[in-house]
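Colleague: These protein sequence lines map, in sequence, to chains A and B.
For the first sequence, this note's numbering gives the first residue as 1, with consecutive numbering after it.
For the second sequence, this note's numbering gives the first residue as 1, with consecutive numbering after it.
You may find that some hints are simply not true.
The calculated BS3-like cross-link candidates involving lysine-lysine, where the alpha carbons are at most 27 Å apart (straight line), are [as the list claims (entries may be wrong)]:
| id | chain 1 | residue 1 | chain 2 | residue 2 |
| --- | --- | --- | --- | --- |
| 1 | B | Lys201 | A | Lys361 |
| 2 | B | Lys302 | A | Lys361 |
| 3 | B | Lys127 | B | Lys35 |
| 4 | B | Lys138 | B | Lys83 |
| 5 | A | Lys361 | B | Lys66 |
| 6 | A | Lys86 | B | Lys201 |
| 7 | B | Lys302 | B | Lys122 |
| 8 | A | Lys43 | B | Lys165 |
| 9 | B | Lys138 | B | Lys127 |
| 10 | B | Lys302 | B | Lys38 |
| 11 | A | Lys86 | A | Lys361 |
| 12 | B | Lys35 | B | Lys66 |
| 13 | B | Lys38 | B | Lys83 |
Far from chain A, by Cβ distances over 10 Å, these chain B residues were calculated [to be verified]:
| id | residue |
| --- | --- |
| 14 | Lys35 |
| 15 | Lys83 |
| 16 | Pro181 |
| 17 | Arg255 |
By construction, these hints were calculated from the structure, which means they are not laboratory data.
Glycine residues also receive a C-beta, built at the ideal position from the N, C-alpha and C atoms.
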Amino acid sequence: MEPLNGLEIFVRILGLLTPVWIALVVTFGLSITFKRKLGLYGKLFDSTVGMIGFAMVMFWVFTALFGGPLDMIVTHDVLQQVSGMKNKVPGTPLRGAEAGDYPYYLLGGDNLARDVFSRVIKGSWIVIKIAPFATLFAFMVGVTLGLPAGYYGGKLDTFLSFLANLILAFPVILLFYLLVTPEIVATGMPVYMAAVIFVMPVAFVMVLINSRYQVIPQKRNLYLSIAAVFGLWFYFSMISTPGTVIDFMPAWLDAKNMEPTILVIFVAVVFVNSPTIFRIVRGLTLDIKTRDYVAAAQTRGEGTWYIMLWEILPNARGPLIVDFCLRIGYTTILLGTLGFFGLGLSSESPDWGSTINEGRKLLSIYLHPALPPALSLLSLVLGLNLLADGLREESLRD
Amino acid sequence: MGLFILRRLAVMILTALCLTFIVFIMTNLYPNLEKLAKSQGNFRMSDEAVASYLETRGYLQPIPVKYAEWLGVIPSYRHTVEKDDGTVDVTGRCIYPGIAPEDSPNFCGILQGHWGYSTQFKEPASKIIGTRLALTGKLMMWVLITMIPVALIVGVVSGMREGSKTDRVLSTFSIATSATPEYVSGVVLIAVFASSAVGLKFFKGTATSAMESANWENFTLPVLTIGLYGIGYIARMTRASMAEVMTAQYIRTARLKGVSFRNIVVKHALRNALIAPFTIIMLQFPYLLNGVVITETLFNYKGFGWVLVQAAGNNDIELLLGVSVVSVFVVLVTQLVSDIGYVYLNPRISVS
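So here's chain A without its partners, still in its complex pose (with noise of 0.2 Å):
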């Protein structure tokens, strides 16, 4: 068989994403017929430079989910290594293809010829499924104690702003260097970690429940309990994970669980951005402590929790939204930087960034293993940050 060329392998490549597109354009169809009535998700929809960020995200969302847990668009096994194919540039013929085989290596080979196409595919839905749930930690924890800080301020911001430039004093990967190495993993610190880091947001859920429903008793106490239920059974399902030094839930009960190497990079990363996060709500909590109608509601005699939570959080939305969206951007280079530095994911995971570090050691002789995956992060983060550039243009509008 003939190799192909630039244009076939574009062409079938734009075929295998057929899912992809398909859902794009429902998505889009959807959104801008009903965009009057979807808030600032639907004025999102106005901006040309917010519609090409948010399509540039779906579009990884996307091939990560069909990609990834549906397993659709990719043409060969990730780890599969067929002899032959070694470093074999974009287009190359799969060598004794048996019928059922994708007859080609789209994107090429990789130095353990392994099909880049595929990883790069694979490696999508590992970014996907860290990076926002990372953030979103992140945040419950920046939250939880930015709020507080903000609004009592005295000892306790303090402290908290103490501790905040205490984290971010340190360099980044050094932060990492000492906190995923195996032989800190094998000290069971990251799970400790996890520990107090998952607390958050169930906590942070509660105490919402409690400041809202506070003067119905019966309301509270029901949807309390379903929460405590609840909140409960997914922190101890979180942090018990088999093979790590917290392990105490039956496996019947234990629903969830995360990878010990995943839950590891997870606190390294949430670890290092909620305090950015604290410092960023802190200061909204500041300003907006001042205005009337806090006044107002402490006047009315309403709980401190209920301030914070309900009357100075929402009114902060704007600017945390904008952050929420550059904050999986800059997690998503951290997890870049992590498999950059071969540290947390084992090396043949098909991460972006173990396969960036793979490839950049032959990147003057072979292209094709590096730039892919390179390419990948560079356009998934500058969707984000264009995302964010159009949320803050709209949610400034008004």
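Based on these hints, arrange chain B on the given structure of chain A.
Modeller: Using the frame of chain A, we list chain B on its own:
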């Protein structure tokens, strides 16, 4: 002002102490010490051999004691072995080969200027950090020389006519560069300008030779890689600040008086617009340090960032502590300078 600086200095010292203590705890966890012993001795050491290796070198003392020794506030650990022929062999942190135990100092820590000994490079940590820091200084100097003017010009030009075509183009450029981490831009730059696959080969893909003699060919790509990321961010901040200043009342007054656009920008707007970027540039230093680590690894330029990776990867405790002291110092000093500079540049702010 004096009191403000004093208080900031006190906080700085406290921060540095806390940070080094954290690094100390993390590097002195037993699995890390075991790894150190095995990489220094041999990899098939038994558990007893590991324990005795650590014991004779004083690694098994309580962590606060070791930390105080490293600081130099309590006398250093000495290990005494009585040999068969009756002589006493004393080893310890402060006792260098070739110097008699009686002549060597009791205290040797950071306060005495003793930064410890690198187990990885077999050299005093202070010497390694000094030479590597000089190399990174050279890199950073060129980064700053190229990055700051470009970023400010891009920011000012796109901010002075907000919403124009030039603004759109330059803003897209700065968003794109600030979305590109160093390991992506570095890879793309090497691929385009240094690989035989593309064939341009304008520059070299490694900067190892730049350590002795930096020239256009081997130093452009690393400088560009670090610079690009910073350019985007600083340019965006400058643009925002410039755009804000351009809507101010005094600019409108100047324009109504008939001052030329050029003079408005250069004489009226620029000074006020550059206050915010100054702080941003100073606070960018810690992130630049991050970029330096990645870029030096990517281009194999053996500077400070490269040492950080080597020390962290091999659990070279004293070198790693030295590296963290220096980097924490850089971060805190830049914060201090940015605060003080802000006060001087902006007469509306006062610290007291």
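Colleague: Determine for every hint whether it applies to the structure shown.
Modeller: Each hint, compared with the structure:
Of the supplied pair hints, the one linking Lys201(B) and Lys361(A) holds, its CA atoms being roughly 17 Å apart against a limit of 27 Å. A C-alpha spacing of about 17 Å is found between Lys302(B) and Lys361(A), which places the hinted pair at or below 27 Å, so the restraint holds. Straight-line distance between C-alpha atoms of Lys127(B) and Lys35(B) comes to about 24 Å, which keeps the hinted pair within the 27 Å bound. Restraint check for Lys138(B) and Lys83(B): the C-alpha separation of about 51 Å exceeds 27 Å, so the hint is violated.
Only pairs whose Cα atoms come within 27 Å are accepted, and Lys361(A) paired with Lys66(B) is rejected, the gap being roughly 40 Å. Using a Cα cut-off of 27 Å, the hinted pair Lys86(A) and Lys201(B) holds, with the two alpha carbons roughly 24 Å apart. Restraint check for Lys302(B) and Lys122(B): the C-alpha separation of about 16 Å stays at or below 27 Å, so the hint holds. With a C-alpha separation of about 23 Å, the suggested pairing of Lys43(A) with Lys165(B) holds against the 27 Å cut-off.
Note on Lys138(B) and Lys127(B): the hinted pairing holds, with a Cα-Cα distance of about 17 Å set against a maximum of 27 Å. Distance restraint check for Lys302(B) and Lys38(B): the Cα-Cα separation of roughly 25 Å lies within the 27 Å cut-off, and the hinted pair is therefore satisfied. Of the pairs offered as hints, the one joining Lys86(A) and Lys361(A) holds, with about 14 Å between alpha carbons and a cut-off of 27 Å not exceeded. Taking the CA atoms of Lys35(B) and Lys66(B), the gap is about 18 Å. The hint holds against a cut of 27 Å.
For the proposed pair Lys38(B) and Lys83(B), the alpha carbon gap of about 25 Å is at most 27 Å, so the pair holds. With a least beta-carbon separation of about 5 Å from chain A, Lys35(B) fails to lie farther than 10 Å from that chain, contradicting its non-interface assignment. Even its closest Cβ contact with chain A, about 34 Å, leaves Lys83(B) beyond 10 Å, as expected for a residue assigned away from the interface. Remark: the non-interface label on Pro181(B) conflicts with the geometry, its nearest Cβ contact in chain A lying 4 Å away (cut-off 10 Å).
The Cβ of Arg255(B) lies farther than 10 Å from every Cβ of chain A, with a closest approach of about 24 Å, so its non-interface assignment holds.
Comparing the model with each numbered hint stated earlier shows that hints 4, 5, 14 and 16 do not hold.
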